[in-house]
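Q: Sequence:
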Amino acid sequence: MADYLVIVESPAKAKTIERYLGKKYKVKASMGHVRDLPKSQMGVDVEDHYNPRYITIRGKGPVLKELKTAAKKVKKVYLAADPDREGEAIAWHLAHSLDIDEHSSCRVVFNEITKDAIKESFKHPRSINMDLVDAQQARRILDRLVGYNISPLLWKKVKKGLSAGRVQSVAVKMIIDREREINNFKPEEYWSIDGTFLKDSTTFEGAFYGIDGKKTKLPNKAEVEKIQAKLTSKQFTVEKVQKKERKRNPSAPFTTSSLQQEAARKLNFRARKTMMVAQQLYEGIDLGKKDGGITGLITYMRTDSTRLSDTAKTEGRDYITQHYGENYIGAMKQKKNAEGAQDAHEAIRPTSAFRDPSSLKSILSRDQYRLYKLIWDRFTASLMAPAVMDTMTVHLTQNGVTFRATGSKVKFKGFMKVYVEGNDDNKQEKDKLLPALEEGMVVQAKDIKPNQHFTQPPPRYTEARLVKTMEEQGIGRPSTYAPTLDTIQRRGYVSLDNKRFVPTELGGIVIDLIKEFFPEIIDVDFTVKMEGDLDAVEDGETNWVSIIDGFYQGFEKRLEKAEKEMEKVEIKDEPAGITCEKCGHEMVYKMGRYGKFLACSNFPECRNTKPILKEIGVRCPKCETGNIVERKSKKRRTFYGCDNYPECDFLSWDKPITRPCPKCNSLLVEKKSKKSVQIECTSCDYKEEPQQ
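Residues in the sequence shown are numbered consecutively from 159, following the numbering used here.
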């Protein structure tokens with residue numbers, strides 16, 4: 159019989175840890191929280207110092223009973239929930255439910271689920287950190303006071319099923335503000351002049367820089383014509399040649415935020431999926447008996463720190479030396495954390511640098527492998543030497559008109575041999591070589607072409623951009639980003655269009671009402687200050703009750719005013735201009751979780767609904783009577799099918815185009831990759847040159 163009971167959150171984690179600890183330890187899972195505030199009511203006594211009333215979560219009775227029975231049979235119980243505020247709160251609730259003294263050395267924490275880390279952590283148990291518990295409790299109570307007071311008001315005045323929350327409301331407001339900024343944007347005209355130059359048999363590109371050596375803007379066509387009038391010859395003189403060596407440093411290892419951003423860019427993962435797969439890698443994967451059985455592959459994935467332990471640095475440097483050579487090792491400088499970072503845990507990294515992705519490819523699922531490789535690559539690259547680039551800038555002149563050409567070449571790959579950080583525009587740095595040019599040389603202009611441009615509005619937020627902006631402004635914390643983005647979509651406040659957030663009419667109505675009656679809820683500065691105050695609770699610098707009280711005194715008065723003055727909003731359904739084929743009533747546009755859809759206006763008597771189909775102007779090649787329409791799969795992936803479905807089952811993941819194959823007259827489709835679009839035939843080997 160075991161002498162000790164260890165309680166963790168998940169069964170997967172329990173199996174891994176039990177194997178490391180041996181026969182004296184029995185490890186069981188609480189399956190997350192066992193107590194919480196009741197769902198059916200506020201559960202917070204505002205008259206009694208905001209005292210929370212916790213109850214056993216429905217369905218957790220049998221789990222608690224099993225844990226209590228097991229606890230009576232052992233000498234000591236250790237609470238080993240995750241090493242963050244949430245985990246500390248779970249441990250505290252378990253201590254209360256199992257009659258464990260919270261001041262005893264019952265709490266065990268570890269940043270990685272490996273044999274050495276687990277054994278070391280059990281040598282240093284501690285008491286439950288009540289500052290962490292109070293910080294989590296304060297956030298929970300604050301969110302409850304906001305959500306359970308404003309949400310019923312929105313139900314009465316707008317629509318059932320709505321909710322309002324501290325962080326989610328600010329996120330929706332950011333998306334709405336961006337959309338309004340785009341709609342109000344007035345494009346401004348500007349011009350560029352691009353040149354193709356020839357030196358011997360080598361061509362290279364250059365662009366207009368300025369007049370008489372000074373950078374000059376081209377606001378309109380008249381200015382362009384003045385420049386063109388000065389160019390009387392095809393000969394340009396090389397006036398200046400600058401050659402420099404530029405170093406590019408590697409990115410820091412991942413934090414929760416940067417992992418979500420990069421997984422969105424490189425793997426097309428949603429924030430929620432990234433955290434789900436990361437959780438699997440953290441809790442443990444069965445590598446087989448030969449390689450150690452169930453093993454945690456990465457460190458804890460909720461962190462805002464870029465710090466690495468000395469052990470991790472040493473092991474990483476050893477791997478780099480063995481596989482790439484000593485000249486690829488970077489200086490062991492500590493990367494600076496973002497302002498306001500708590501630095502409670504290390505950065506997200508592999509638990510062993512020597513467990514490289516290729517060795518695990520046959521064991522991990524496709525998603526697990528891709529995310530693990532991303533984490534491993536970023537960690538390894540962060541310890542490597544900077545990349546060295548040879549750059550060359552050339553000024554070409556004629557009659558005082560200057561064109562500038564730039565070139566670069568990787569001299570030493572350094573960290574780029576392993577990994578290069580992505581960007582939101584999917585741009586990749588490539589070698590751009592110039593011919594050997596010296597000052598005084600003459601080159602020929604092969605082509606000089608003016609181009610008209612207009613300034614573009616700021617882009618809509620992708621998940622990656624929104625997470626990055628929220629982090630930069632101090633809104634929310636690492637653990638809140640994924641659930642926040644999920645919530646605002648489920649509530650119908652925003653939808654995704656081409657992977658970018660678009661506010662819905664409902665989202666605009668809700669935010670306008672909150673802005674009018676509860677302006678502090680969506681005020682970025684207020685939200686950032688509140689996050690700082692709650693962090694001060696975590697650091698033991700202030701009392702959580704005073705933070706809540708300072709907020710609630712003003713909030714309560716606004717709530718009373720809103721109850722009296724907020725007018726009821728009627729959201730009218732937009733007519734679709736077609737009739738329901740089942741009952742003959744008019745169809746209307748409705749807003750759902752995944753955006754707009756068609757529904758019968760005779761609801762609930764008639765429950766007919768239809769997706770909004772977008773025709774692409776191509777006749778179905780299979781039945782030849784229907785039209786091909788754009789559809790969405792359950793996972794929101796775009797595909798193309800016949801509007802005669804289910805009579806015709808034509809389907810294509812690639813977009814068909816209007817013209818037929820010139821070789822066999824069959825259907826042509828667009829094959830898209832990150833870098834280009836290629837037209838291909840679906841029946842023969844006909845292909846066209848890829849378009850960038």
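Bear in mind the hints are in silico, worked out from the structure with no lab data behind them. There may be inaccurate statements among the hints.
Calculated cross-link-like contacts (lysine-lysine; reagent style BS3-like; alpha-carbon spacing at most 27 angstroms) [said to hold, decoys possible]:
#1 K790 to K821
#2 K790 to K748
#3 K424 to K813
#4 K344 to K398
#5 K715 to K726
#6 K277 to K471
#7 K830 to K431
#8 K375 to K401
#9 K281 to K424
#10 K317 to K197
#11 K626 to K590
#12 K398 to K384
#13 K431 to K531
#14 K790 to K314
#15 K424 to K590
#16 K398 to K373
#17 K431 to K754
#18 K281 to K181
#19 K471 to K375
#20 K754 to K715
#21 K722 to K315
Across the chosen pairs, the derived CB separations fall in these ranges [to be verified]:
#22 N426 to K754: 48 to 56 angstroms
#23 I815 to M200: 35 to 43 angstroms
#24 K673 to E224: 31 to 39 angstroms
#25 V546 to Q386: 50 to 58 angstroms
#26 K604 to K768: 19 to 27 angstroms
#27 T796 to P615: 20 to 28 angstroms
#28 K790 to R817: 22 to 30 angstroms
#29 K768 to D843: 32 to 40 angstroms
#30 A228 to F755: 44 to 52 angstroms
For each residue, glycine too, the CB sits at the ideal point set by N, CA and C.
Q: The structure should be examined with respect to each hint, and the outcome stated for every one.
A: Here is how each hint holds up against the structure:
1. K790 to K821: violated, 31 angstroms
2. K790 to K748: Holds. K790 to K748 sits at ~17 angstroms (cutoff 27 angstroms).
3. K424 to K813: holds, 22 angstroms
4. K344 to K398: violated, 38 angstroms
5. K715 to K726: holds, 20 angstroms
6. K277 to K471: Holds, at roughly 21 angstroms.
7. K830 to K431: holds, 23 angstroms
8. K375 to K401: holds, 25 angstroms
9. K281 to K424: violated, 40 angstroms
10. K317 to K197: holds, 20 angstroms
11. K626 to K590: Violated, at about 30 angstroms.
12. K398 to K384: At roughly 24 angstroms apart (the allowed maximum being 27 angstroms), K384 and K398 satisfy the hint.
13. K431 to K531: The given pair, whose Cα atoms are some 16 angstroms apart, holds under the 27 angstroms limit.
14. K790 to K314: violated, 33 angstroms
15. K424 to K590: holds, 23 angstroms
16. K398 to K373: Holds. K398 to K373 sits at ~15 angstroms (cutoff 27 angstroms).
17. K431 to K754: holds, 24 angstroms
18. K281 to K181: At roughly 17 angstroms apart (the allowed maximum being 27 angstroms), K181 and K281 satisfy the hint.
19. K471 to K375: violated, 48 angstroms
20. K754 to K715: violated, 37 angstroms
21. K722 to K315: holds, 11 angstroms
22. N426 to K754: 48 to 56 angstroms: At 24 angstroms between Cβs, range violated.
23. I815 to M200: 35 to 43 angstroms: violated, 57 angstroms
24. K673 to E224: 31 to 39 angstroms: violated, 48 angstroms
25. V546 to Q386: 50 to 58 angstroms: violated, 40 angstroms
26. K604 to K768: 19 to 27 angstroms: At roughly 56 angstroms between Cβ atoms, K768 and K604 fall outside 19 to 27 angstroms, so the hint is violated.
27. T796 to P615: 20 to 28 angstroms: Holds - the Cβ-Cβ distance for T796 and P615, about 24 angstroms, lies within 20 to 28 angstroms.
28. K790 to R817: 22 to 30 angstroms: holds, 26 angstroms
29. K768 to D843: 32 to 40 angstroms: holds, 39 angstroms
30. A228 to F755: 44 to 52 angstroms: Roughly 49 angstroms apart at Cβ, these two residues keep to the hinted range, so it holds.
The structure fails to meet hints 1, 4, 9, 11, 14, 19, 20, 22, 23, 24, 25 and 26 from the earlier list, while all remaining hints are met.
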